[in-house]
Amino acid sequence: MEWYRSSRATKSEKKARRRETEQTQLDWHRSRAEARQLASMLRAKLPRELRDAVYAYACVEDYTIMDHEAPKLRHYLHGDGKGVSEHDSEKSVCSIDPDRLTEEALRNGDQGSVLEDDNTGWMFNIDTDCLAGEALSDEMPRNCILDPDFVGKDVALEAAEVYYSQNMFDVNHHRHLSAFLTHDPFDAGFAPYEHICKLTVIVNLQTPYLVGYTMHDIKGEMETLEEVYTTLERGFALFSSKRQREIHVRIETELISLGEDADHDHERRLHNILEAVRKPVYDLMHCYGCKVSVFHDDRSFVLADITHYFRLTSEEWQEEKDGMQRSSNGWNHAAHCLSPWACDEELLSCITLHRWGVSCVLDVEARERPEDEFGDSDYFPGGYYLDDNESMVYGYDSGDDYESDYEYESDYMDQWHASLRAAIGREHVKKANREKRGTGSDEEDEWVTESEDEDE
Numbered sequence: 004m005e006w007y008r009s010s011r012a013t014k015s016e017k018k019a020r021r022r023e024t025e026q027t028q029l030d031w032h033r034s035r036a037e038a039r040q041l042a043s044m045l046r047a048k049l050p051r052e053l054r055d056a057v058y059a060y061a062c063v064e065d066y067t068i069m070d071h072e073a074p075k076l077r078h079y080l081h082g083d084g085k086g087v088s089e090h091d092s093e094k095s096v097c098s099i100d101p102d103r104l105t106e107e108a109l110r111n112g113d114q115g116s117v118l119e120d121d122n123t124g125w126m127f128n129i130d131t132d133c134l135a136g137e138a139l140s141d142e143m144p145r146n147c148i149l150d151p152d153f154v155g156k157d158v159a160l161e162a163a164e165v166y167y168s169q170n171m172f173d174v175n176h177h178r179h180l181s182a183f184l185t186h187d188p189f190d191a192g193f194a195p196y197e198h199i200c201k202l203t204v205i206v207n208l209q210t211p212y213l214v215g216y217t218m219h220d221i222k223g224e225m226e227t228l229e230e231v232y233t234t235l236e237r238g239f240a241l242f243s244s245k246r247q248r249e250i251h252v253r254i255e256t257e258l259i260s261l262g263e264d265a266d267h268d269h270e271r272r273l274h275n276i277l278e279a280v281r282k283p284v285y286d287l288m289h290c291y292g293c294k295v296s297v298f299h300d301d302r303s304f305v306l307a308d309i310t311h312y313f314r315l316t317s318e319e320w321q322e323e324k325d326g327m328q329r330s331s332n333g334w335n336h337a338a339h340c341l342s343p344w345a346c347d348e349e350l351l352s353c354i355t356l357h358r359w360g361v362s363c364v365l366d367v368e369a370r371e372r373p374e375d376e377f378g379d380s381d382y383f384p385g386g387y388y389l390d391d392n393e394s395m396v397y398g399y400d401s402g403d404d405y406e407s408d409y410e411y412e413s414d415y416m417d418q419w420h421a422s423l424r425a426a427i428g429r430e431h432v433k434k435a436n437r438e439k440r441g442t443g444s445d446e447e448d449e450w451v452t453e454s455e456d457e458d459e
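Here the working numbering is used: the first residue of the sequence shown is 4, the next is one more, and so on.
Treat the hints as calculated values from the structure; they're not laboratory data.
Be careful, since some hints might not be right.
Claimed, not checked - Here are the computed lysine to aspartate or glutamate pairs in the EDC-like style, where the Cα-Cα straight-line distance is at most 20 Å:
hint: 1; residue 1: Lys245; residue 2: Asp301
hint: 2; residue 1: Lys48; residue 2: Glu64
hint: 3; residue 1: Lys294; residue 2: Asp268
hint: 4; residue 1: Lys156; residue 2: Asp268
hint: 5; residue 1: Lys156; residue 2: Glu197
hint: 6; residue 1: Lys156; residue 2: Asp190
hint: 7; residue 1: Lys294; residue 2: Asp308
hint: 8; residue 1: Lys201; residue 2: Glu249
hint: 9; residue 1: Lys48; residue 2: Asp157
hint: 10; residue 1: Lys294; residue 2: Glu236
hint: 11; residue 1: Lys201; residue 2: Asp65
hint: 12; residue 1: Lys156; residue 2: Glu236
hint: 13; residue 1: Lys201; residue 2: Asp308
hint: 14; residue 1: Lys294; residue 2: Asp157
hint: 15; residue 1: Lys245; residue 2: Asp308
hint: 16; residue 1: Lys201; residue 2: Glu72
hint: 17; residue 1: Lys201; residue 2: Glu224
hint: 18; residue 1: Lys294; residue 2: Glu257
hint: 19; residue 1: Lys324; residue 2: Glu236
hint: 20; residue 1: Lys156; residue 2: Glu229
hint: 21; residue 1: Lys324; residue 2: Glu197
hint: 22; residue 1: Lys245; residue 2: Glu197
hint: 23; residue 1: Lys222; residue 2: Asp268
hint: 24; residue 1: Lys294; residue 2: Glu197
hint: 25; residue 1: Lys201; residue 2: Glu229
hint: 26; residue 1: Lys294; residue 2: Glu318
hint: 27; residue 1: Lys201; residue 2: Asp55
hint: 28; residue 1: Lys201; residue 2: Glu318
hint: 29; residue 1: Lys201; residue 2: Asp157
hint: 30; residue 1: Lys294; residue 2: Glu229
hint: 31; residue 1: Lys156; residue 2: Asp187
To be verified - Label-pair restraints from in silico Cβ distances:
hint: 32; residue 1: Glu349; residue 2: Leu160; range: 57 to 63 Å
hint: 33; residue 1: Gly223; residue 2: Ala194; range: 32 to 38 Å
hint: 34; residue 1: Arg178; residue 2: Leu306; range: 21 to 27 Å
hint: 35; residue 1: Tyr66; residue 2: Arg21; range: 36 to 42 Å
hint: 36; residue 1: Glu349; residue 2: Ser244; range: 24 to 30 Å
hint: 37; residue 1: Gly223; residue 2: Glu23; range: 34 to 40 Å
hint: 38; residue 1: Tyr66; residue 2: Glu16; range: 15 to 21 Å
hint: 39; residue 1: Tyr66; residue 2: Leu160; range: 37 to 43 Å
hint: 40; residue 1: Lys48; residue 2: Glu318; range: 49 to 55 Å
In this text, all values refer to a predicted model and were calculated from it rather than measured experimentally.
Using N, Cα and C, we set each Cβ at its ideal position, and we do this for glycine too.
Kindly generate the complete structure, drawing on both the sequences and the hints.
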């Protein structure tokens, strides 16, 4: 008897689920028909300016949209079952011809139930969608305005242009940049990067190479920075077309993981990170015409606007790129990076002073850039050395003898440090430090130099 009742209950549940499925299919077909009708009227009756106002009302938000919230799939169940992942198989529905729906479903169509997502409550929503808020109607999901299957290709493309050009977006990891800029969620022939105007890109360096740091892990550090450089370079190159854009680059680190007493290495690592983003940022500024802001965010420091570190004019930036091209046959950000064992505090201070205009890259309050003692340029292009005539020459001085206490694969860093020391010398380092403090004299220079000679 109990088995019989259980069997009847199971059949009843299956019947209820089938009715719900049929009702869902009916709602979907009605929603698409309604959307098509509205889209046709929209294009026939309204000029483009008013249509854009309608699109803005439907899909422009007053908050920043994260990249994982932007459209990825068809976020509602189609009559053909598209847009359903295996994870959501319990919510999936089979393809049903409306002509085969039961009379009961047709008769009670205005009372049918809908599938709701736990996050948004939208109809037929399977994943977190890009458009928050209420549906356009009881039967039409709000995001259908971006789907050609609902509104036709022309309206979908117009709406997508408004969506991407007027919203603010946040790519929460630099690895996702290219995918976000090129992804066409509804296969409508649309390229988001052509229309995005406001974008924040997070250079996420909280892990892995900052955590579990070891002094000998220079290879892992350089591989991580190479990925940062390559990813940003490839993604930002999509903005080659001149368009007014506002791009924020936020560098997120967790330097405290290196230890509370590792301030010197904090500075060195941040310098290396800045070198990795240097070319992508300057290309955005001077080659692609974007308005760029750069921030550094670390839980052990205050969020800092470090845009003033990137001060080169277009002419100066082109000069630096040309110099690198002549010496290295292309840009090599690693040529300016510093290793932990070959860079003392004085050398680091001098390098950052000439490279970024501050004696300490973590000192966000430093704004004044002293006059460059090596010329009229507003920066110190690393990789120079003094030739036999004491003239600045771009490249590496193969004649410099420099021995490192550690063995590692990237000997270009040895060459870079040797070139720096040959170019600026200890006296130049001390002079830069005194200019930073606003104290000191030539007599003091000679005394310090003689004292050091005696110690040696």
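Hint by hint, here is what the structure shows:
no.: 1; hint: Lys245 to Asp301; result: violated (33 Å)
no.: 2; hint: Lys48 to Glu64; result: violated (26 Å)
no.: 3; hint: Lys294 to Asp268; result: violated (31 Å)
no.: 4; hint: Lys156 to Asp268; result: violated (54 Å)
no.: 5; hint: Lys156 to Glu197; result: holds (17 Å)
no.: 6; hint: Lys156 to Asp190; result: holds (10 Å)
no.: 7; hint: Lys294 to Asp308; result: holds (14 Å)
no.: 8; hint: Lys201 to Glu249; result: holds (5 Å)
no.: 9; hint: Lys48 to Asp157; result: holds (15 Å)
no.: 10; hint: Lys294 to Glu236; result: holds (17 Å)
no.: 11; hint: Lys201 to Asp65; result: holds (13 Å)
no.: 12; hint: Lys156 to Glu236; result: violated (32 Å)
no.: 13; hint: Lys201 to Asp308; result: holds (17 Å)
no.: 14; hint: Lys294 to Asp157; result: violated (31 Å)
no.: 15; hint: Lys245 to Asp308; result: violated (25 Å)
no.: 16; hint: Lys201 to Glu72; result: holds (16 Å)
no.: 17; hint: Lys201 to Glu224; result: violated (30 Å)
no.: 18; hint: Lys294 to Glu257; result: violated (27 Å)
no.: 19; hint: Lys324 to Glu236; result: holds (14 Å)
no.: 20; hint: Lys156 to Glu229; result: violated (40 Å)
no.: 21; hint: Lys324 to Glu197; result: violated (26 Å)
no.: 22; hint: Lys245 to Glu197; result: holds (10 Å)
no.: 23; hint: Lys222 to Asp268; result: holds (16 Å)
no.: 24; hint: Lys294 to Glu197; result: holds (16 Å)
no.: 25; hint: Lys201 to Glu229; result: violated (26 Å)
no.: 26; hint: Lys294 to Glu318; result: holds (17 Å)
no.: 27; hint: Lys201 to Asp55; result: holds (18 Å)
no.: 28; hint: Lys201 to Glu318; result: violated (26 Å)
no.: 29; hint: Lys201 to Asp157; result: violated (24 Å)
no.: 30; hint: Lys294 to Glu229; result: violated (24 Å)
no.: 31; hint: Lys156 to Asp187; result: holds (13 Å)
no.: 32; hint: Glu349 to Leu160: 57 to 63 Å; result: holds (58 Å)
no.: 33; hint: Gly223 to Ala194: 32 to 38 Å; result: holds (35 Å)
no.: 34; hint: Arg178 to Leu306: 21 to 27 Å; result: holds (22 Å)
no.: 35; hint: Tyr66 to Arg21: 36 to 42 Å; result: holds (40 Å)
no.: 36; hint: Glu349 to Ser244: 24 to 30 Å; result: violated (45 Å)
no.: 37; hint: Gly223 to Glu23: 34 to 40 Å; result: violated (53 Å)
no.: 38; hint: Tyr66 to Glu16: 15 to 21 Å; result: violated (41 Å)
no.: 39; hint: Tyr66 to Leu160: 37 to 43 Å; result: violated (24 Å)
no.: 40; hint: Lys48 to Glu318: 49 to 55 Å; result: holds (52 Å)
Figure legend: structure checked against the earlier numbered hints; hints not met, in rising order: 1, 2, 3, 4, 12, 14, 15, 17, 18, 20, 21, 25, 28, 29, 30, 36, 37, 38, 39.
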